[in-house]
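Q: Protein sequences, first through last, are from chains W and D. Residues -6 to 199 in our numbering are what the first sequence spells out, letter by letter. Residues 2 to 189 in our numbering are what the second sequence spells out, letter by letter.
It is worth saying that the hints were derived from the structure and are not from the lab. Take the hints with a grain of salt, since some may be wrong.
To be verified - Going by beta-carbon spacing under 10 Å, a handful of chain D positions derived as facing chain W:
1) Ser31
2) Thr61
3) Ala131
4) Ala134
5) Phe139
6) Lys140
7) Leu176
Claimed, not checked - Short, incomplete list of chain D residues facing chain W, as computed with Cβ under 8 Å:
8) Phe32
9) Ala129
10) Val157
11) Trp185
Beta carbons: idealized from backbone N, C-alpha and C, even for Gly.
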Amino acid sequence: MSAFLPLPVLASAAAHCQPVSLGDWRNLLAVIWDFLSLSLFSLGGGNTLLSEYHQMAVDQYCWLNSRQFADLYAIAEAAPGPSSMLVGLLGMGAAIREGPLWGLVSGVGAEVAILLPSTVVMVVASISWNRWRDSAWRVAFERGLGPITLGILFAVGLKILRISDHDTPAYAVSAVVCVLMLRSRIPPLWFMAVAALLGGLGLVNR
Amino acid sequence: MTSSRPLEAPAPSPSHLELFLGMQQVALSSFGGGLSAWSERIVVEERRWLNQAEFLTGLTVARLFPGPNQVNMAVYIGSRFHGLSGALIAIAGLLLIPFSLLLLLGLAYYQLHMLPAVDRLLAGVITASAGMAISMGFKLVGAYSRDPMALLLAAVSFLAMTVFHVRLIPLVLVLGPLAMAWYWPRQR
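Using the sequences and the hints given, assemble the complete structure.
A: Pasting the structure below:
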């Protein structure tokens, strides 16, 4: 385990600002609070949070640069399980400078913080659903928040596209994947595999 | 597996351990995709914890409330039998293996991403994931195409975020109540 590289990685990670260290407990509390409060705004399955995550990890706390954020997003999408586990990878990035063990602890902590509030609400909702089912609040919430979620998802998609793609072939691949996601039933993993191949061959670049 | 189904007799309610193992089975079966289909097969058909209608209600609730849909579905199933502790154990069952795997990938990433070969592969993969990201909005837009107010709300939230850099929480706190007032069900 001591064979871990000295992480030149993060030296170059965010030259534009100083990474915020979690060693100071006030920073730690601020970060935990950020994840806890975002939890209840994860509408539409959680993808609405992606630009907030980017804002936090890249602009506000400087744990990562945009390029690394795009990489981690892609890894979370490609790996099995809910893609919202991306938060674990971001949390890991916040503490990986202190070593892999702290990276793991921080990753687990971030994931717990992002899931806890929404889980508590969901428990209450599941147990008392019969009381809410026909309530005007439920109808208005569902119909009102739907279009807002839609607008946010477009904004988030655009943001991811901006931080991911840099040459014309790369944009073309994204466009093709988008169309195929909507028009075909090809499993997403195939797109990832083909795109990785294109990248490996140097046909798409950033 | 067992195709002998005597008129949907519900199984006795699962213990914590059974919940954990059942959700773990869901997670493992869905490696490669199709989580919600696997979840239905295992939870409804094999283990008979919920019937079809209850499962669909669960999906509705899981999508409506904040949180990742699959995680919320696990909460719905777990809390039905054992309240909060059931919910937590169901999440643990669902996430333990995939999340551990993802953390290992993360450690590998933070060690290796400066290698040119890794960087080139990822440069490819992100083009696909960016395409998936923009498809999320297009997937939903059809449902609102004949509701001008919905399209206006979507446009306002899109512009607020991309052009005016409004953060998510204030955006939802301001637009959300306005939209709810507009869509408040009126008795006729």
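Q: Looking back at the numbered hints, which does the structure fail to meet, lowest number first?
A: none
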